[in-house]
Amino acid sequence: MSQAAIRAKELGELLRSRRERLRPADVGLPEGSRRRTRGLRREEVAQLAAISSTYYAYLEQGRELNPSRQVVDALAAALRLDTAERAHVHELVHGVPATVPGVERLSPAVVALVDRLDPCPTYVTGRHWDVLASNRAARALWTDWPALPAAERNLLWWMFTAPAAREVLVDWPGEASALLGRFRSAAARHPGDPGFAALIDRLHAASPEVRAWWPRHDITPLGSGTKLLRHPLLGELTLTHVVLQLADDAEQKLVTFSAPPPDLARIADLG
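Under the UniProt record's numbering, the residue at position 79 of the sequence shown is numbered 79, and the numbers go up by one with no gaps.
Check before you lean on any hint, since a few could be wrong.
Keeping only pairs whose Cα atoms sit at most 25 Å apart, straight-line, the calculated DMTMM-like set for lysine to aspartate or glutamate is [what the hints assert, rightly or not]:
(1) 227 - 115
(2) 227 - 251
(3) 9 - 20
Per label pair, the in silico range of CB-to-CB distance [unchecked claim]:
(4) 13 - 54: 13 to 21 Å
(5) 233 - 204: 31 to 39 Å
(6) 271 - 226: 21 to 29 Å
(7) 13 - 261: 41 to 49 Å
(8) 26 - 231: 38 to 46 Å
Worth flagging that the hints you see were computed from the coordinates, not collected in a lab.
Glycine included, every Cβ here is placed at the ideal spot set by N, Cα and C.
All chains, full assembly: derive it from the sequences and hints.
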C-alpha cells in the first residue's frame, strides 16, 4: 500500500470515529426520531462543513482525494477537533517529507548530558520511542533499560507489556493512553516507516488495551507536565517534566524530570 493510501485510510477512520462520538445536540442539530446512526450522520457532517455528502463519504471510505486546507479546517470545525487533532488531520492530508529509516545514533555529548543531569531522572527516546539513553535515576525509578533485551528497550513496549509499569505509574491508564496518542501522531508522520508498522503489530498482539484504544484515533501532543510515580522504597513521588526535541534529530526527545529538593536527595541515595 502506498503512503498516500495509508494516510487516506487513516484519515477515513479518524473522521468516522469523530463523527460517531458527536451527538446532534453537540453541534446544534435536533436529535430527531428513529435515529439509527451512532453519532452524527455523514450528511450532517457534510452540511456543517459546507461540502457535498458524496465527497465526505469518499473521504470516510479512504479514497485518495486531496481536500484543500479550507475543507480540512471546515471538517475539523464540524467535528469539533482540538488543536492536536486538527494538526494531525492536516499531516494526513498534506503529508510530510518522506524520511529514510536508518539506524538511530545518539550523540555522545547527549549521552554525557543525560548522565550529568542525575539525580534528575532523564532519558532520551528515538523515532519509535526506543530508549536510547537513560541515567541512573531514571533506571532506578522506571526500569533498567540497558539490561532488557534489545527488542524490549522501548517505552511503548514497556508501558503496555511490563507488569511493573502498572506499579510504577500511579495513573497507568491515563499515562498509557496519552503515550499511545503521542505515538500515533508520530506514526502518521512516517507512514512508510516499517519500524512503526512492526511495533504497532507487536503491541496489538500483546496488549488488549492497545487493541481497544487504537481504533479511537486519540491524538496527544508532546508537552511538559506532571507524573505521579510509585517506588517500593520511596513511596509516591510527584515529578514535573519537560520534553526537549534534539536539534540533530527532531524525532529524538530528551525528557527530564525534577522534584522538590528532599525527594531529589532521596533519589540520589538510591543504589
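Against the structure, the hints:
1. As the CA atoms of residue 227 and residue 115 are separated by approximately 21 Å, the hinted pair is consistent with the 25 Å bound.
2. Our distance criterion of 25 Å between C-alpha atoms is met by residue 227 and residue 251, whose separation comes to about 22 Å.
3. The straight-line distance between the Cα atoms of residue 9 and residue 20 is roughly 17 Å, inside the 25 Å bound, and the hint therefore holds.
4. Checked against the hint of 13 to 21 Å, the pair residue 13 and residue 54 passes, with Cβ atoms roughly 19 Å apart.
5. The beta-carbon spacing between residue 233 and residue 204, approximately 35 Å, falls within the hinted interval of 31 to 39 Å.
6. At roughly 26 Å, the beta-carbon separation of residue 271 and residue 226 lies within the given 21 to 29 Å, and the hint holds.
7. A C-beta distance of roughly 48 Å is found between residue 13 and residue 261, which places it inside the suggested range of 41 to 49 Å.
8. Separated by about 42 Å at the C-beta atoms, residue 26 and residue 231 satisfy the suggested range of 38 to 46 Å.
Violated hints are absent here; each numbered hint is respected by the structure.
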